[in-house]
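Residue numbers (the working numbering), protein chains in the order written: chain S, 2 to 316; chain A, 2 to 316.
These are computed hints drawn from the structure, not numbers from a lab.
For clarity, every value in this text was computed on a predicted model and none was experimentally measured.
Fair warning: there could be bad hints in the mix.
Since the list gives no way to pick out one identical chain from another, each pair is judged satisfied if it fits inside one copy or across any two copies.
[Stated by the list, open to error] Okay, derived cross-link-like pairs now, DSSO-like style, lysine-lysine, Cα gap no bigger than 27 Å in a straight line:
no.	residue 1	residue 2
1	108	33
2	227	109
3	108	316
4	196	17
5	108	195
6	216	227
7	289	67
8	109	33
9	265	108
10	265	316
11	297	311
12	33	17
13	67	7
14	135	67
15	311	108
16	7	311
17	195	216
18	265	290
19	311	216
20	67	33
21	135	216
22	7	135
There are 2 protein chains.
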Amino acid sequence: MSPNLKDIREAAQRVKPYIHRTPVLTNESLDKQVGAQIFLKCENLQKVGAFKFRGASNAVFSLSDKEAARGVCTHSSGNHAQALALAARLGGIPSYIVMPNNAPLVKKNAVAGYGGQITFCEPTLEARETTLAKVVEKTGATVIHPYNDERVIAGQGTAALELLEEVPDLDVIITPVGGGGLLSGTSIAATELKKGIRVIGGEPEMADDALRSIKEGKIIPSVNPKSLADGLLSSLGTLTFPIIQQRVEQIVTVSEVGIIESMKYVWERAKIIIEPSAAVAIGVLWEKKIDLSGLKVGIILSGGNVDLEKLPWQK
Amino acid sequence: MSPNLKDIREAAQRVKPYIHRTPVLTNESLDKQVGAQIFLKCENLQKVGAFKFRGASNAVFSLSDKEAARGVCTHSSGNHAQALALAARLGGIPSYIVMPNNAPLVKKNAVAGYGGQITFCEPTLEARETTLAKVVEKTGATVIHPYNDERVIAGQGTAALELLEEVPDLDVIITPVGGGGLLSGTSIAATELKKGIRVIGGEPEMADDALRSIKEGKIIPSVNPKSLADGLLSSLGTLTFPIIQQRVEQIVTVSEVGIIESMKYVWERAKIIIEPSAAVAIGVLWEKKIDLSGLKVGIILSGGNVDLEKLPWQK
Numbered sequence: 002m003s004p005n006l007k008d009i010r011e012a013a014q015r016v017k018p019y020i021h022r023t024p025v026l027t028n029e030s031l032d033k034q035v036g037a038q039i040f041l042k043c044e045n046l047q048k049v050g051a052f053k054f055r056g057a058s059n060a061v062f063s064l065s066d067k068e069a070a071r072g073v074c075t076h077s078s079g080n081h082a083q084a085l086a087l088a089a090r091l092g093g094i095p096s097y098i099v100m101p102n103n104a105p106l107v108k109k110n111a112v113a114g115y116g117g118q119i120t121f122c123e124p125t126l127e128a129r130e131t132t133l134a135k136v137v138e139k140t141g142a143t144v145i146h147p148y149n150d151e152r153v154i155a156g157q158g159t160a161a162l163e164l165l166e167e168v169p170d171l172d173v174i175i176t177p178v179g180g181g182g183l184l185s186g187t188s189i190a191a192t193e194l195k196k197g198i199r200v201i202g203g204e205p206e207m208a209d210d211a212l213r214s215i216k217e218g219k220i221i222p223s224v225n226p227k228s229l230a231d232g233l234l235s236s237l238g239t240l241t242f243p244i245i246q247q248r249v250e251q252i253v254t255v256s257e258v259g260i261i262e263s264m265k266y267v268w269e270r271a272k273i274i275i276e277p278s279a280a281v282a283i284g285v286l287w288e289k290k291i292d293l294s295g296l297k298v299g300i301i302l303s304g305g306n307v308d309l310e311k312l313p314w315q316k
Numbered sequence: 002m003s004p005n006l007k008d009i010r011e012a013a014q015r016v017k018p019y020i021h022r023t024p025v026l027t028n029e030s031l032d033k034q035v036g037a038q039i040f041l042k043c044e045n046l047q048k049v050g051a052f053k054f055r056g057a058s059n060a061v062f063s064l065s066d067k068e069a070a071r072g073v074c075t076h077s078s079g080n081h082a083q084a085l086a087l088a089a090r091l092g093g094i095p096s097y098i099v100m101p102n103n104a105p106l107v108k109k110n111a112v113a114g115y116g117g118q119i120t121f122c123e124p125t126l127e128a129r130e131t132t133l134a135k136v137v138e139k140t141g142a143t144v145i146h147p148y149n150d151e152r153v154i155a156g157q158g159t160a161a162l163e164l165l166e167e168v169p170d171l172d173v174i175i176t177p178v179g180g181g182g183l184l185s186g187t188s189i190a191a192t193e194l195k196k197g198i199r200v201i202g203g204e205p206e207m208a209d210d211a212l213r214s215i216k217e218g219k220i221i222p223s224v225n226p227k228s229l230a231d232g233l234l235s236s237l238g239t240l241t242f243p244i245i246q247q248r249v250e251q252i253v254t255v256s257e258v259g260i261i262e263s264m265k266y267v268w269e270r271a272k273i274i275i276e277p278s279a280a281v282a283i284g285v286l287w288e289k290k291i292d293l294s295g296l297k298v299g300i301i302l303s304g305g306n307v308d309l310e311k312l313p314w315q316k
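Okay, chain S solo, but in the shape it has when bound:
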């Protein structure tokens, strides 16, 4: 069942002791550049460097004592893996993370550093799911899906709740969309809190399955997409798709060049580190494919995990 505003409010209370209340930044150069008044909700400054920590924390701290004792598990090589491992550690429970054996060393170390117990598998979806099933069989741990999970969606919605508390008169909120956890949680919080607010999803042109899903009225799976925005390669889920269908005004795609330019501009002017996936939300304004001029636009900067040794604007 789709979470509602009450679920998001409860999630906010539940995760409050664990998360950072991230700042909302403004930047005059950016405003001038895109012709709108931007409010950056900095989830790149969240713990583990991503909004994912909100959803993972809400899931972990929603478990019954009996469930909690057996721990949590997931398969992921991204920010959700780190987020779940840290949330579990803060909850004093075990976490089991299934990772493809070709995951970058820095990601393995990060998960292990937060106390996640890693099981490696072949880098195919089938191997990941089979391995996860074995882990569940052995441990009895609760699977926490990175986005197709009510508790996770409600948790992700808490960022928009905070943003609208600080800037109640936003006209528009933009988030990036991959699996749709952030976008669906945001759309519930925003549309329930403020009648008429517009919620827009930013998606890489090169991984435009959400746009196509909305157009065709059914989930179109993402097939081997390639984009710098590597957090946005998943397909929508059975829970997130209908929420987005109902509450999101439109999905706007952003080119790879637009992603890089937006990312670099934010680094240069706002002095914060955002990952390509977060830049996609800025890209919606940057490329001016839709007219948001003069409006108050909230942007949820989803994360800041990048490899500082190779930046996309460097040869």
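Once you've looked at the hints, dock chain A against the given chain S.
Just chain A, lined up with the frame of chain S:
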């Protein structure tokens, strides 16, 4: 005359409509790494990307109407030039900036972008001062020195005022020291607000004139220093030196390697962009030359202006 706490409080009121109230961030990884509880006052997120905007704004908005009408001027190729140009623009008055003709294009563009009227000169101190004198003669503009100016020092002290409002029980505050404007303003605010608080200046080993000045009891000019921390190459001023002498516990030097490592760690973990000069304050903890273990340490991150095309940890 040395500014006092009242001057800093007045400065805070004066600049409030113009500056960002910058966030104070915490980071558990950093705390573990250095063994203290760190509070990062993010002046890298200040307008023009540096605390300098506080001092420049206080100077501009302290002028009489008659003075203001004639504008302000300075010679600088750094953050102060941009800060003064923007403050003047916000005050609706002209600014005249003398810059060496070999200043990087990006800095010239930044100053011009904020409306500063640039006069170029040969890249020597003598040429800068002669040229500035000519500008003053012609325009009647008020010279705003980057640090040896009471209004500037009081303005810089407002960052510590905000930090101590949010975290009143700090044991220590660390700032970088170049000309000493930030360190002296901080030391006045901190020691007046909280008896027994320790104020420490971080300085590059390769530009250790403040350390030597304190040791010898007189201003030892910086002679052709070379450090990545290019905001910290100035000598102390006749106003800043005695304040630092009186109120700062000690100056701690940081190696170039320590500067780079601290800078990269903050980028990676805190997801914010700091310039090498700001990293020097972190470097004091990073290199553990003094024991601050277990203490609550406020750090003023002075700025975030870096060239994203060439980062110091890249070959």
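Evaluated hints:
{"no.": "1", "hint": "108 - 33", "verdict": "between (37 Å within a copy, 19 Å between copies)"}
{"no.": "2", "hint": "227 - 109", "verdict": "within (22 Å within a copy, 39 Å between copies)"}
{"no.": "3", "hint": "108 - 316", "verdict": "both (24 Å within a copy, 23 Å between copies)"}
{"no.": "4", "hint": "196 - 17", "verdict": "within (26 Å within a copy, 33 Å between copies)"}
{"no.": "5", "hint": "108 - 195", "verdict": "neither (38 Å within a copy, 43 Å between copies)"}
{"no.": "6", "hint": "216 - 227", "verdict": "within (21 Å within a copy, 59 Å between copies)"}
{"no.": "7", "hint": "289 - 67", "verdict": "neither (51 Å within a copy, 44 Å between copies)"}
{"no.": "8", "hint": "109 - 33", "verdict": "between (41 Å within a copy, 20 Å between copies)"}
{"no.": "9", "hint": "265 - 108", "verdict": "both (23 Å within a copy, 17 Å between copies)"}
{"no.": "10", "hint": "265 - 316", "verdict": "both (14 Å within a copy, 20 Å between copies)"}
{"no.": "11", "hint": "297 - 311", "verdict": "neither (34 Å within a copy, 35 Å between copies)"}
{"no.": "12", "hint": "33 - 17", "verdict": "between (34 Å within a copy, 22 Å between copies)"}
{"no.": "13", "hint": "67 - 7", "verdict": "within (25 Å within a copy, 58 Å between copies)"}
{"no.": "14", "hint": "135 - 67", "verdict": "within (20 Å within a copy, 79 Å between copies)"}
{"no.": "15", "hint": "311 - 108", "verdict": "both (16 Å within a copy, 25 Å between copies)"}
{"no.": "16", "hint": "7 - 311", "verdict": "neither (42 Å within a copy, 48 Å between copies)"}
{"no.": "17", "hint": "195 - 216", "verdict": "within (26 Å within a copy, 62 Å between copies)"}
{"no.": "18", "hint": "265 - 290", "verdict": "within (19 Å within a copy, 36 Å between copies)"}
{"no.": "19", "hint": "311 - 216", "verdict": "neither (36 Å within a copy, 43 Å between copies)"}
{"no.": "20", "hint": "67 - 33", "verdict": "neither (54 Å within a copy, 32 Å between copies)"}
{"no.": "21", "hint": "135 - 216", "verdict": "neither (37 Å within a copy, 67 Å between copies)"}
{"no.": "22", "hint": "7 - 135", "verdict": "neither (35 Å within a copy, 67 Å between copies)"}
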